[in-house]
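Trainee: Sequence order for the protein chains is A and B. So in the working numbering, spot 87 of the first sequence is number 87, and the numbers just go up one at a time. So in the working numbering, spot 275 of the second sequence is number 275, and the numbers just go up one at a time.
Please keep in mind that the hints were generated in silico from the structure rather than gathered at the bench. Be a bit skeptical, because a hint or two may be false.
[Claimed, not checked] Label-pair ranges, simulated between beta-carbon atoms:
{"#": "1", "chain 1": "B", "residue 1": "N305", "chain 2": "A", "residue 2": "A337", "range": "31 to 39 Å"}
{"#": "2", "chain 1": "A", "residue 1": "F281", "chain 2": "B", "residue 2": "R26", "range": "44 to 52 Å"}
{"#": "3", "chain 1": "A", "residue 1": "S311", "chain 2": "B", "residue 2": "S101", "range": "56 to 64 Å"}
{"#": "4", "chain 1": "B", "residue 1": "D255", "chain 2": "A", "residue 2": "V181", "range": "35 to 43 Å"}
{"#": "5", "chain 1": "B", "residue 1": "R130", "chain 2": "A", "residue 2": "F281", "range": "33 to 41 Å"}
{"#": "6", "chain 1": "B", "residue 1": "S44", "chain 2": "A", "residue 2": "R206", "range": "52 to 60 Å"}
{"#": "7", "chain 1": "B", "residue 1": "V112", "chain 2": "A", "residue 2": "R51", "range": "38 to 46 Å"}
{"#": "8", "chain 1": "B", "residue 1": "F276", "chain 2": "A", "residue 2": "P50", "range": "33 to 41 Å"}
{"#": "9", "chain 1": "B", "residue 1": "F276", "chain 2": "A", "residue 2": "R227", "range": "20 to 28 Å"}
{"#": "10", "chain 1": "B", "residue 1": "R165", "chain 2": "A", "residue 2": "S105", "range": "31 to 39 Å"}
{"#": "11", "chain 1": "A", "residue 1": "V44", "chain 2": "B", "residue 2": "A333", "range": "20 to 28 Å"}
Bear in mind the structure is a predicted one, so any value in this text is a computation, not a measurement. The beta carbon of each residue, even a glycine, is placed where N, CA and C say it ideally should be.
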Amino acid sequence: MSAVVAPPEPRGTRADVRSRRLTERVFRARESGIVAVLVLFVAVTAAIQPRFLDSSNIQFVLVNTTVFALLALGETMVVVSRNVDLSVGSVLGLSAYVSASLFGSVHGISVMVVFLVGIAIGLVCGAANGLMVAAGRVPSLVVTLATLYVIRGIDILHVGGGEVVASTLPSSFTNIPLYTVLGIPYIAIAVAVVVGVGAYYMRSFRSGRELYAIGSNPEAARLAGIRVGRRVFTAFAVSGAIAGLAGVLWAAQYQTIDSSAGTGYELQVIAAVVVGGVAIFGGSGSAVGAALGALLLNTINSALNVLGISSLWVEAIAGFLLLLAISLDRVISVRLATALRSLRARGGA
Amino acid sequence: MSQLAPAAGDVGAQPRAAHALRYLLRWETGLAIVVIGIGVLGTSISSGFFSSGNIFYLGLNSGEIAIMALPMTLIIISGEIDLSVASMLGMSSAILGVLWSHGWPMPAIFVVIAIVGVLAGTLNAVLVTRLGLPSLAVTIGTLALYRGIALILLGPSTISNFPARYTSVGINPLLNTDLSWSAGIFIVLAVTFGVVLHATPFGRSIYAMGASPEAALFAGIRVRRVKTILFIVSGLVCSFAGVLYTFRLATAVQDNGLGLELDVVAIALVGGVSIFGGKGTIVGVVLAVLAVAGIQNALFLSNFNQEATGLVIGGLLLLSVFVPNLAFLSARARRRLAGTRRAVPGGAP
């Protein structure tokens with residue numbers, strides 16, 4: 001609303017409430033839309049091939065999703081603030097190798113310490129990204145593209161031709177993805193809780209809301225007194241730390257780690273985030289949606305596998321879905337804008 | 001900028017001095033010095049650096065990336081990005097392999113590949129210009145889609161029985177020169193793209209829309225049409241690069257060129273193209289190609305771990321964003337130290 005001189009109070013308020021309700025409904029529809037697609041996919045697949053709902057297959061899908069769901073949480077924080085973190089795959093790779101190799105080099109090291117080391121490595125990488133973006137005032141796409149290469153290069157120099165093999169890892173570490181409760185892997189529950197906490201923080205805490213404000217309009221956010229640099233720095237640091245954590249989980253899952261771990265994950269994570277309804281230029285979307293996007297892509301992968309459709313189709317279908325998701329999003333938001341405009345017109349009349 | 005000059009008070013003298021300084025301190029000038037430095041370094045590492053054999057391999061190894069960097073430069077200057085370039089290369093390679101193994105004649109295959117390249121670029125263009133979707137998200141989607149199509153077409157098979165007449169592009173240099181075919185083609189294309197970008201109304205309009213899409217539109221520039229042309233040219237050129245790539249390695253496999261998109265973007269950015277659009281030159285990108293190829297080659301000759309040369313690309317990329325920012329950053333630091341916190345005019349370039 002711009003130059004319209006004070007419309008009668010009650011009417012304006014009513015229109016506001018109504019439009020807000022509409023907005024909320026559509027936002028809710030975004031995540032419920034992914035859930036609907038997910039349910040549909042699972043139902044159709046299970047109808048054709050009941051083996052898809054075997055507990056072992058469900059566990060497989062959930063465990064595979066954990067790494068991507070975590071990365072998606074960190075990426076969401078960054079993308080919502082109108083930035084992007086392309087270095088997550090490299091951070092994951094470095095953290096996976098360095099942390100897992102500790103089992104071989106430090107005798108009897110506890111699993112907890114290894115996790116902390118992985119997170120610390122990620123935090124350092126993320127803080128470096130954040131510092132360059134926030135203090136250096138350079139575009140995050142360029143900075144994280146550079147650190148993607150640099151961190152991977154450091155990883156390759158450090159690893160050399162070597163690799164961590166499963167026999168050097170203690171069973172208390174390699175069993176982490178195997179523990180289940182009621183057929184659901186602990187690790188999936190833990191990641192779901194982390195994603196939930198992250199989404200709640202972004203939705204309900206002041207500093208979390210400020211990320212959305214920055215992403216919607218960085219200049220306005222600055223003028224409103226938000227410490228843009230500090231928030232952006234934090235988002236990158238958290239994204240890095242989460243990628244470090246995901247690296248340790250990756251190591252526990254795959255158990256053979258060389259210098260190529262996590263190569264190319266950055267674009268897969270961004271794909272999951274975008275499918276999950278996070279706007280690529282910031283300002284809207286939730287971590288829950290992003291994690292659901294990761295779950296959807298992994299489910300599709302597994303479903304095609306179970307259906308005996310060659311896994312060769314997976315990538316093309318994932319790409320098609322991504323394009324469909326953003327196109328639908330666009331159509332919905334155009335419709336929404338038109339609807340809001342007509343509501344406003346009626347409210348102001 | 002002189003360290004002796006006080007923080008304030010030199011405002012009047014600044015414009016003219018800054019103007020002259022800017023020409024001297026152009027990023028392209030710096031890159032040229034880097035390239036010369038690499039030449040010197042290369043000869044000190046190995047006397048064979050400027051030997052005809054080495055120059056041939058240098059051109060051979062970077063040819064396709066360099067070729068794809070040209071349309072990428074124009075697209076980034078126009079304010080968009082195309083991450084699907086390496087997948088279009090892979091798709092073209094797969095089509096070449098499949099049709100050849102089915103006994104098609106080469107000229108017919110080339111026609112099909114050209115058509116597919118145009119179609120691939122058109123899909124990108126339609127989604128970006130007609131639906132108004134962000135190109136970053138669209139081309140991550142088509143990156144997966146086109147690579148997926150390559151996977152579906154070729155599967156795990158490898159096709160390598162191409163006639164020696166064509167695969168000689170990977171063995172023989174251009175007539176009477178030390179240049180590989182791909183390097184020769186790059187030079188021709190670079191001149192063409194350079195003339196179009198710097199000396200035609202079409203090229204100037206690319207800068208205009210990159211600097212301000214709205215202003216360009218109001219100035220009567222057909223923004224959507226120009227961007228459509230750019231994406232289609234990118235599709236065509238990348239398909240062509242796919243043919244070169246396939247013949248050079250004499251193999252068509254589904255992961256030909258996997259992950260090259262970030263190398264291509266990195267080269268354009270190292271060449272001084274602004275990720276926000278509106279800035280950059282073909283000369284800069286050509287120098288970036290020389291710098292990156294030269295460093296990789298020099299490291300190869302010095303037995304540096306070949307896989308870790310990404311460190312160099314990353315380092316150059318960081319330099320390319322921080323060096324042009326130095327004046328601004330140091331000015332800000334000085335102001336901070338002086339305790340006078342005035343608004344910073346301009347911001348990051």
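Trainee: For each hint, tell me whether it holds in the structure or not.
Mentor: Structure-based check of all given hints:
1. In this structure the supplied range 31 to 39 Å is violated for N305(B) paired with A337(A), their Cβ-Cβ distance being about 53 Å.
2. Distance hint check: the CB atoms of F281(A) and R26(B) are about 30 Å apart, inconsistent with the given range 44 to 52 Å.
3. At about 22 Å, the beta-carbon gap between S311(A) and S101(B) misses the expected band of 56 to 64 Å.
4. Checked against the hint of 35 to 43 Å, the C-beta distance between D255(B) and V181(A) comes to roughly 39 Å, which is consistent with it.
5. Checked against the given bound of 33 to 41 Å, the beta carbons of R130(B) and F281(A), roughly 18 Å apart, lie outside it.
6. Separation of S44(B) from R206(A) is about 57 Å and conforms to the stated range, judged on CB atoms against 52 to 60 Å.
7. The hint said 38 to 46 Å for the Cβ distance between V112(B) and R51(A), and at roughly 40 Å that hint holds.
8. Separated by about 52 Å at the C-beta atoms, F276(B) and P50(A) break the suggested range of 33 to 41 Å.
9. Judged by the Cβ atoms, the range 20 to 28 Å given for F276(B) and R227(A) holds: they are separated by roughly 23 Å.
10. Between R165(B) and S105(A) the C-beta distance comes to about 55 Å, which lies outside the given range of 31 to 39 Å.
11. As the Cβ distance of V44(A) to A333(B) is approximately 60 Å, the hint placing it in 20 to 28 Å is violated.
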